[in-house]
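J.: Chains as they are written, first to last, in my numbering: chain A, 2 to 135; chain B, 2 to 135; chain C, 2 to 135; chain D, 2 to 135.
In case anyone wonders, no lab produced these hints; they're calculated from the structure.
A portion of the hints provided could be inaccurate.
No distinction is drawn between identical chains; accordingly, a pair holds when it is met within one copy or between any pair of copies.
Said to hold, decoys possible - Within a straight-line C-alpha distance of at most 25 Å, the following computed DMTMM-like cross-link-like pairs (lysine to aspartate or glutamate) qualify: (1) Lys124 - Asp7; (2) Lys103 - Asp45; (3) Lys103 - Asp80; (4) Lys74 - Glu18; (5) Lys74 - Asp53; (6) Lys124 - Asp45; (7) Lys74 - Glu106; (8) Lys74 - Asp7; (9) Lys103 - Glu120; (10) Lys70 - Glu18; (11) Lys74 - Glu8; (12) Lys124 - Asp66; (13) Lys74 - Glu120; (14) Lys70 - Glu131; (15) Lys70 - Asp80; (16) Lys124 - Asp53.
Note that the coordinates shown come from a computational prediction; the quantities given were computed from them, not determined experimentally.
Spelled out from the first residue to the last, the chains are:
There are 4 protein chains.
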Amino acid sequence: MTITLDEARRVINAAIEQANENGQPSDIAVVDGGGNLVAFVRMDNAWIGSIDVAINKAWTARAFDMPTKALGKIAGPGDQAFGIHVSNGGRVMIFGGGIPLKRGETVVGAIGVSGGTVEQDIKCAEAGVEAFGK
Amino acid sequence: MTITLDEARRVINAAIEQANENGQPSDIAVVDGGGNLVAFVRMDNAWIGSIDVAINKAWTARAFDMPTKALGKIAGPGDQAFGIHVSNGGRVMIFGGGIPLKRGETVVGAIGVSGGTVEQDIKCAEAGVEAFGK
Amino acid sequence: MTITLDEARRVINAAIEQANENGQPSDIAVVDGGGNLVAFVRMDNAWIGSIDVAINKAWTARAFDMPTKALGKIAGPGDQAFGIHVSNGGRVMIFGGGIPLKRGETVVGAIGVSGGTVEQDIKCAEAGVEAFGK
Amino acid sequence: MTITLDEARRVINAAIEQANENGQPSDIAVVDGGGNLVAFVRMDNAWIGSIDVAINKAWTARAFDMPTKALGKIAGPGDQAFGIHVSNGGRVMIFGGGIPLKRGETVVGAIGVSGGTVEQDIKCAEAGVEAFGK
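Same shape as in the complex, but just chain A:
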């Protein structure tokens, strides 16, 4: 019930393809069920600030078993999880682009993408999820 490197690479390649379609070089990470990094790529000319963001979007999506976008919706002032992003030593990312990877109902890892708009990042992450789910 974990993720192999072969699977992680398949997920990343699907995300790269989508990023190329978006015309937006991106940073892409896959973590396993322990939240630990399995594979990472920074596409040519993608932001160096997004290395950490992509890895931690993936970590966050696994750590809370939900997309980072969903977590962001409850992290603002007055919300259920207000300020949660300062926990965990700065690893909690609360904007879209991190999505869990599941086998059946079980979260076994996650993908995190950073480099474009949130919409672009999510589209890349979803491409990765789809490639995993087959």
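Use these hints to put chains B, C and D onto chain A, whose structure you have.
T.: Frame of chain A; chains B, C and D shown alone:
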């Protein structure tokens, strides 16, 4: 396609001149294309808390290839990059004063200024950018 | 004078091949000339504690433009760089497995491998260097 | 009883001159009496790993009011300050190249140099000390 120490010093001197004009001692940093520090000065009586801020404004402007002010505009609750400032180990600064340094269209480094109001910091950084751009 | 993702992947694939030959699953990282991560893989069953080690072996080899093994030889009590490994926020690795990647005489990045014995890690890193140098 | 930016720059320029004479590009930092950074330069082609080392050699020389080389002599196994370099969050450097800057008998700051051999670093730092002491 990188920044020499001579260039970094020219950039910093222009920013110092502007800070003197502002009547506001400031901390000023220049990083190269890898985000690594090339030169730094703290003017007499400038804040010691701004050492880290100036260096990291410069880092942020290079890491995301945009002015820190622009990043700040999308980092609030509900925005595209909500909470991004907790990533990268606390290096992401999201208020004005960090600006990329470019050769043509390529970002090859950045300047970061901290010590006054955001308007003052930006004015100093812009003076540095102009001195670089020749 | 930087490293493309394609190059980083070629380097990593060569190191994976060697790791398979060694019979020792490993973590493998490639950084660019700024010391920033370009690509990373953790082979199936490789240590999660080696994620950080591999990435920082690569960082160290670029940061000091020498193999981590060479740095380790001068980092002990009484040596030239005694205790250097506590600098840079714990990123300085001083045992073998990190090697610079060069174009001609210029260091443009580095590979870091962790997971086996130092001898095995170095062999994998050297396989990566050779694949890069063509 | 502190260090001005003008003084810090004079100190750094003297160290740069010595580094050029050594034929060894170096990272050079000056801190004030509070241990806080006043000015820093990385000469062209100097190590990026030495940014932190130079700054922290300066910090250490002020923090313990002695040259880093002297501290290193008592930091080994069995010595008075065994392992002190893991204190202070990794800021304590215990090899030569950090030297206090004094007015009369009072330490008012320090210079830190990193980039060459310990002998070269010390020579640069001493050039800085001499330039300060006039």
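J.: Against each hint, give a clear statement of whether it holds in the structure.
T.: Comparing the hints with the structure gives:
For the identical chains of this complex, Lys124 and Asp7 are neighbours both inside a copy (21 Å) and across copies (23 Å), given an alpha-carbon limit of 25 Å. Proximity of Lys103 and Asp45 under a CA criterion of 25 Å is satisfied inter-copy only: 18 Å between copies versus 29 Å inside one chain copy. Proximity of Lys103 to Asp80 under the C-alpha cut-off of 25 Å is found in neither arrangement, the shortest distances being 27 Å within a copy and 28 Å between copies. For the homomeric pair Lys74 and Glu18, neither the shortest alpha-carbon distance inside one copy (28 Å) nor that between copies (29 Å) is at most 25 Å.
Within a single copy, Lys74 and Asp53 get their C-alpha atoms as close as 21 Å, and across copies as close as 20 Å, so both meet the 25 Å cut-off. Taking the shortest Cα distances, Lys124 and Asp45 sit within 25 Å of each other inside one copy (19 Å), while across copies they are farther apart (27 Å). In this assembly of identical chains, Lys74 and Glu106 lie within 25 Å of each other by CA distance solely inside one copy; the values are 23 Å within and 36 Å between copies. With identical chains, the CA atoms of Lys74 and Asp7 are never at most 25 Å apart, being 33 Å at best within one copy and 34 Å at best between copies.
With identical chains, the CA atoms of Lys103 and Glu120 are at most 25 Å apart within one copy only, with a shortest distance of 21 Å there and 28 Å across copies. Within a single copy, Lys70 and Glu18 get their C-alpha atoms as close as 22 Å, which meets the 25 Å cut-off; across copies the closest is 31 Å, which misses it. Taking identical chains as interchangeable, the C-alpha atoms of Lys74 and Glu8 are never at most 25 Å apart, the minima being 30 Å within one chain and 36 Å between chains. Taking CA atoms no more than 25 Å apart as the test, Lys124 paired with Asp66 passes in both settings, with 19 Å inside one copy and 22 Å between copies.
Proximity of Lys74 to Glu120 under the C-alpha cut-off of 25 Å is found in both arrangements, the shortest distances being 15 Å within a copy and 17 Å between copies. Taking the shortest alpha-carbon separations for Lys70 and Glu131, only the intra-copy value of 18 Å comes in at or below 25 Å, while the best inter-copy value is 36 Å. Taking identical chains as interchangeable, the C-alpha atoms of Lys70 and Asp80 lie at most 25 Å apart whether they share a chain (14 Å) or sit on different chains (11 Å). For a Cα distance limit of 25 Å, the shortest separation of Lys124 from Asp53 inside one copy, 19 Å, qualifies, whereas the shortest one across copies, 29 Å, does not.
When the structure is compared with the earlier hints, violations turn up for hints 3, 4, 8, 11 and for no others.
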